[in-house]
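Enquirer: For reference, the chains in residue letters:
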Amino acid sequence: MEKTLETIFTEFEGKRENVIPILQKVQEEYTYLPEEFMAEIADYTHIPASDIYGVATFYAQFRFEPTGDKIISVCRGTACHVRGAPRIFEEITDQLGLEGEGTTADKKFTVETVACVGCCALAPVITIDEEVHGDLTKKKVQKLIQKEGKTNGKE
Amino acid sequence: MAKNKQTILLCRGTGCESSKSPALQTAFEEALEGMDVEVKFTGCHGMCQQGPIVVIEPEDIFYSKVKLKDVPVIVEKHIQNNEHVSRLFYQDPATEEKIPTYHEIPFYSRQKRLVLRSCGQINPENMEDSLAAGNYQGLEKALNMDPVEIVTEVKESGLRGRGGGGFSTGLKWQFCQDAEGDPKYVLCNADEGDPGAFMDRSVLEGDPHSVLEGMIIAGFAIGAKQGYIYCRAEYPLAIKRLQIAIDQAREYGFLGENILKSGFDFDIEIFHGAGAFVCGEETALITSIEGNRGMPRSRPPYPANSGLYGKPTLLNNVKTYANIPLIILNGSAWFAEIGTENSKGTAVFALTGKIANSGLIEVPMGITLREIIYEIGGGVLDGKKFKAVQTGGPSGGCLPESFLDTPVDYDSLIEAGSMMGSGGMVVMDEDTCMVDVARYFLDFTEKESCGKCVPCRLGTKQMLNILEDIVEGRGKPGDIETLEELAKGVKSGSLCGLGQTAPNPVLTTIRYFRDEYEAHIFENACPAKQCKEFITFHITDTCIGCGLCRRNCPVEAITGEQKELHVIDQDICIKCGVCYEVCPPKFFSVEIRTGAEESTKEPA
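Chains C and E, in that order, are what the protein sequence lines are.
Okay, so the first sequence: first residue is 1 according to the working numbering, each after it adds one.
Okay, so the second sequence: first residue is 156 according to the working numbering, each after it adds one.
Hints may be right or wrong, so weigh each one.
Unchecked claim - Per label pair, the in silico range of CB-to-CB distance:
| # | chain 1 | residue 1 | chain 2 | residue 2 | range |
| --- | --- | --- | --- | --- | --- |
| 1 | E | V710 | C | G100 | 15 to 21 angstroms |
| 2 | E | R525 | C | E35 | 53 to 59 angstroms |
| 3 | C | E13 | E | P213 | 50 to 56 angstroms |
| 4 | E | E188 | C | K107 | 43 to 49 angstroms |
| 5 | C | G97 | E | E719 | 31 to 37 angstroms |
| 6 | E | L559 | C | K107 | 48 to 54 angstroms |
Since the hints were derived computationally from the structure, they do not count as laboratory data.
Since this is a predicted model, take the numbers as computed values, not measurements.
Ideal Cβ placement from N, Cα and C applies to all residues, glycine included.
Kindly produce the complete structure, drawing on both the sequences and the hints.
Expert: Right under this line is the structure:
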């Protein structure tokens with residue numbers, strides 16, 4: 001069960017400098033920032049909701065849509081790029097029937113790109129939730145997605 | 156701690172963790188139960204590609220790519236019978252020689268590890284280990300010094316900011332020490348946003364106390380009581396280990412009130428960066444901690460006078476702080492002996508891309524690019540031809556072969572059109588398209604531009620559009636000149652480093668690889684055979700008809716009977732490259748053609 005917004009607020013004083021940590025905590029609990037929470041965060045911190053949105057939309061970390069059960073992050077760092085990350089991204093979206101970044105219709109997977117995971121020596125790299133998978137080829141990605149899809153089905 | 160006791164050092168940096176090193180640790184612990192052997196996990200050794208890495212001390216034996224099934228073999232042969240498991244030795248990619256000991260591997264023997272002194276040697280989550288490695292001895296010494304003396308020592312060491320800018324660290328400290336205002340703050344920039352770089356992450360994961368120690372010394376020197384570490388949320392392991400280190404430091408009296416009974420109070424908190432490249436810029440980072448959109452502001456006033464909450468603030472990079480305890484402990488003269496006249500000490504690089512030994516390295520300043528790439532890095536991957544090396548990330552540039560003998564220091568790299576940066580070094584081979592690399596970096600900076608300055612916000616967008624046109628076959632005469640003109644505008648019309656340097660990857664690729672741009676625009680060709688618009692895939696007559704490509708083709712563009720030459724239907728082919736990837740290297744039957752080659756070599 002996710003913590004309620006009230007419980008999250010008890011961890012912070014509601015000052016300006018708490019805005020980003022509050023947003024991070026909300027997203028940690030809910031996987032995204034639900035729209036109805038933004039006004040409440042604005043009330044709690046005495047900052048206009050437009051301003052809270054301004055902060056949230058500035059940073060790549062924050063999402064405004066719920067994610068799928070598993071989040072696949074494709075690294076688009078330089079080392080990954082020169083070692084074929086665009087092809088890996090293409091393979092993943094093809095496998096999952098996505099047009100680009102986004103969530104599959106069955107809500108099993110969300111695919112996104114990230115700036116750099118920092119595992120450049122293992123390029124190209126993706127993370128599935130927090131687990132890093134490196135040295136990928138199109139074939140390895142196919143197997144990985146099939147495996148992840150199955151374990152997902154059993155749960 | 157008995158020095159002679161056999162110890163198994165097991166790397167658990169992010170790289171090796173992803174290669175399942177935690178399971179290895181459990182397996183070793185179980186297999187060694189009852190034996191007088193210690194199993195210790197450590198931070199990154201730097202050679203992530205060879206992971207998981209297992210080092211056995213005191214014999215200094217280095218085993219690479221260790222799998223679970225190798226654990227009982229190592230225990231039985233090495234631990235119980237004193238025989239080495241030679242098949243797990245590291246193999247030098249150049250000579251194919253197997254090298255048993257850690258310090259004989261060329262990757263390590265050419266390095267000088269100061270900042271990375273304990274990475275891979277100590278358990279970063281164990282305080283006793285950190286103390287035994289010498290952490291906090293610099294702090295003890297510093298607390299008995301006069302703050303002015305500390306700043307003088309840092310100034311005389313010649314240390315320059317390791318975030319990439321290269322400003323004198325000692326001067327920065329002096330400005331903060333002299334600044335009026337209370338409280339003062341010490342910030343650590345661990346927002347390692349350069350794609351292709353993981354130096355700071357490895358230091359934080361492998362030896363977090365060295366960074367804390369540097370920050371505490373800085374706090375004492377400038378008169379601050381509070382420090383913040385701005386660390387990317389994308390680095391969960393680094394954040395976890397930092398937090399453990401902070402808690403331990405508090406427990407041992409290195410943080411908190413009355414540190415080591417000196418009367419000095421100082422504490423550190425971690426701020427989780429929410430993912431914005433521009434927050435690596437100091438004023439943007441500060442405004443982000445304050446809870447705003449991380450947009451830079453004009454300077455002056457500099458953070459030394461008006462930083463966090465308008466108070467005097469010292470901001471340095473992770474590696475800058477990690478150097479401080481060594482400078483205090485060993486003296487500025489010792490430090491100033493390493494490196495070149497104007498760039499002292501060492502440089503830490505994440506050596507990646509098309510390189511045989513990718514990983515994290517630390518070298519004395521002044522070493523040449525050639526020594527790094529060929530002697531430490533083992534040359535270009537798979538014996539391909541070297542094309543360029545990129546340093547400085549999205550702010551830096553691509554240098555061609557003629558610059559390989561350039562010494563690596565702040566000034567030489569800037570002169571060549573690139574920059575030191577915080578330490579990303581990406582090697583590119585003949586298969587890397589330089590126009591695509593320029594497009595890649597512009598795509599990055601265009602997305603990361605905060606939008607405050609119009610030349611950066613719109614200029615990078617226009618430059619990106621032109622680069623996309625060129626790689627997608629819509630390039631036209633005059634594009635190169637327009638790019639150069641836009642680049643000038645973006646550089647001169649932007650407030651912060653992001654905009655001022657964003658055109659560098661484009662300018663250096665035009666300067667050194669203009670022929671590739673021209674090939675795309677005028678010859679309908681991509682010399683690296685990467686840009687889809689300019690290439691076609693063909694099966695050559697070495698094909699034995701194994702059918703592997705036919706079965707793997709996602710669009711059924713390949714036809715041919717078993718054991719007969721296969722053919723790709725160019726009208727159906729989507730140029731995904733799967734056939735090229737799966738064709739066994741011994742046949743090497745899939746060929747990529749570009750430009751004029753396309754029409755001349757069609758098999759009958």
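Enquirer: Confirm or reject the claim that E:R525 and C:E35 have a C-beta distance inside 53 to 59 angstroms.
Expert: Holds, at about 56 angstroms.
Enquirer: For the hint 43 to 49 angstroms, verify it against the beta carbon of E:E188 and that of C:K107.
Expert: Taking Cβ atoms as reference, E:E188 and C:K107 lie about 45 angstroms apart, which means the hint holds.
Enquirer: E:V710 and C:G100, beta-carbon distance inside 15 to 21 angstroms?
Expert: Holds: the Cβ-Cβ distance is about 20 angstroms, inside 15 to 21 angstroms.
Enquirer: If you check the beta carbons of E:L559 and C:K107, does the distance land in 48 to 54 angstroms?
Expert: 51 angstroms, holds
Enquirer: Does the Cβ-Cβ separation between C:E13 and E:P213 fall within 50 to 56 angstroms?
Expert: 52 angstroms, holds
Enquirer: With respect to the beta-carbon atoms only, verify the hint that C:G97 and E:E719 lie 31 to 37 angstroms apart.
Expert: Cβ of C:G97 to Cβ of E:E719: about 35 angstroms, so the range 31 to 37 angstroms holds.
Violation of the numbered hints given earlier is absent; every hint is satisfied by the structure.
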